[in-house]
Amino acid sequence: MSDHKPIVEIKRLTKYFSGKAALNAVDLKVLPGRIIGLLGPNGSGKSTLIRHMIGLYLPDNGICTTFGCDAEKLSQRELPRIGYVHQEGELLDWMTAEQLIRYVSAYHPGWNRELEDRYVNDFDIDLNAKVGALSPGQRQKLSILLAIGHVPDFLILDEPASALDPMARAQFLNLLIKIIQQKQKTILISSHILSDVEKVIDHVIIMKNGHIIEDQGFDDLRDQYLRIRLTSLGTSLPEEMPFERVLSCERNNGQAVLTLENPQIETIKNQAESIDCRIDFHPLPLEDIYKIVMSS
Amino acid sequence: MLLEIDHHSGIPIYRQIKDQVREQIMAGRLKEGDQLVSVRELATQLKVTPVTISKAYSAMEAEGLLERRRGIGLFIAEIHSDKKEETKESIIGALLSKAVTTAIQFGVSQNKLEKMLKDTFLKYRKERGRESNE
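Chains as they are written, first to last, in the numbering used here: chain A, 1 to 296; chain B, 1 to 134.
Since the hints were made in silico from the structure, they are not lab data.
What you were told as hints is all true, and nothing was included just to trick you.
Interface residues of chain B toward chain A, partial, derived using beta-carbon atoms under 7 Å:
1) 7
2) 10
3) 11
4) 12
5) 14
6) 43
7) 44
8) 47
9) 49
10) 51
11) 52
12) 101
13) 104
Mimicking DSS-like on lysine-lysine, the simulated pairs with C-alpha atoms at most 30 Å apart in a straight line are:
14) A:269 x B:112
15) A:73 x A:11
16) B:118 x B:84
17) A:183 x B:18
18) B:18 x A:178
19) B:84 x B:123
20) A:11 x A:29
21) A:291 x B:47
22) B:18 x A:269
23) A:269 x B:84
24) B:98 x B:88
25) B:31 x B:126
26) A:269 x B:83
27) B:18 x A:291
28) B:47 x A:29
29) B:84 x B:18
30) A:178 x A:5
31) A:5 x A:73
32) B:18 x A:199
33) B:31 x B:83
34) A:183 x B:47
35) A:29 x B:18
36) A:269 x B:88
37) A:178 x B:47
38) B:18 x A:5
39) A:199 x B:47
40) B:84 x B:126
Don't be surprised by glycine CBs; every beta carbon is placed ideally from N, CA and C.
I would like the entire structure built from these sequences, with the hints used as guidance.
What follows is the structure in C-alpha cells.
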C-alpha cells in the first residue's frame, strides 16, 4: 500500500445519450490494492462509467484519466495493464478454446502460462471445444481467463459471474482474492449478486440515475447501519421510543424491530434499559444496506 | 492465531477480527509481547484483502490492544490488569444479560437461574477432572 496514486481519476464527468445524461458530473478516485464493488440498478450508469475508464467512451464534459492518462489518449503503454470482462462477451466463435487463448495471449508479452494452466484445470475448461458451442457458463469462464491471463494491474469485471453456477462463482471469487493478495492489483467488479460480492469487496460504490450516491469502505458502510430487536421485559413497549435516527420501525406485541442510522452502541444499550427492554443486535447484510441507500 | 470470518453476518470484518483477538488476549491464548502475523499473511489466511486487515490492525492499535514497534511489526500490548478485568466483565456481562433477559421472558425465577448457573459451573468443573476452583 505504498503507492496511493489513484488508478483512475474522474472529475465532473458527464455523458449524454440521445440528450439524456447517463452520467451526471461524476467524481471518483479508484485507489490501488482494493476490490471495489460497483453496484446500482440497470441503467444507473455503471457500464457507461466503466467504458470511460478504458477509453471506449469519451466524456462530453469533465475528465477521466486511467494510470494518469486521458481516456482518449490511452495507448500501448496503459492498455495492457487493464483487463476487462464485459457483459456481452463477444468472442471468436469459430476458434477452439485453445486457439483463442493462444491468439489472445500472443498480444501479451506478460502472459502468465502458469496461471492459465491452473485456471483451465480449476475451472474445467474444455480446450478442444469450439468457442461457439460453449455453454453460457463455460463461455464466461473463458472470457474471464482471457482478461486475467496477462495479470493486469487493473481488472474490470462487468457482471462477470452471472452465468456461473454457485460453486464456480465461489471459486472465481477466491481466485480474485488471491490475485489481489499476491501483487498490488486493483479490481473493479460490477454485479447484481450482492451476496457474492459481499465476500470479496472492501470498497463500495453505489450508482443511481447517473450519480454516485455512495463511495466508501465496505466496513465503514456496514458500521453506518444497525438493526435492533427490542423485547419488552414488562408488559408492553412505550408508545414513544427514545431512539434517534430511526429509519424504520415495526412493532407488535411487546416486540419491535428498528433500523438505525449512525448508531451509538452504548447510548442505544442504555436507552433500551431505560424502557425495560432486552436488546438484540442484527447487523445488516449488504442487500439490505443497498436497499436503504437506494431508497434514500 | 486462529480466526474465523463470517461474511454474511453483516458485522464489519475488521470488527470480527478485533473482537476475536480481544477474546484470545483475555483467555491468555495471546500474550503480551506476542508478535502478530503480517498484514499480507493474515489476509491470505482469512481470504480477505490486505486493506481490510490493515484497518483491523489500526483499530486494535487505537484501542490499545496492539503496539507498533518501528520497523519490526505489531505486538500484543501490555494491558493494565484493571483494564483487563473491566474488559472480561463487559464481555461476560453481555452474555449474562442475554441469559437473564431470556429467563425473565420465560418467567424463570432468579433463584432457579442462580441454581442453573451453579449447576453449569459444576458440570464443567467435573468434566475438566476436578480442577481447583480458585
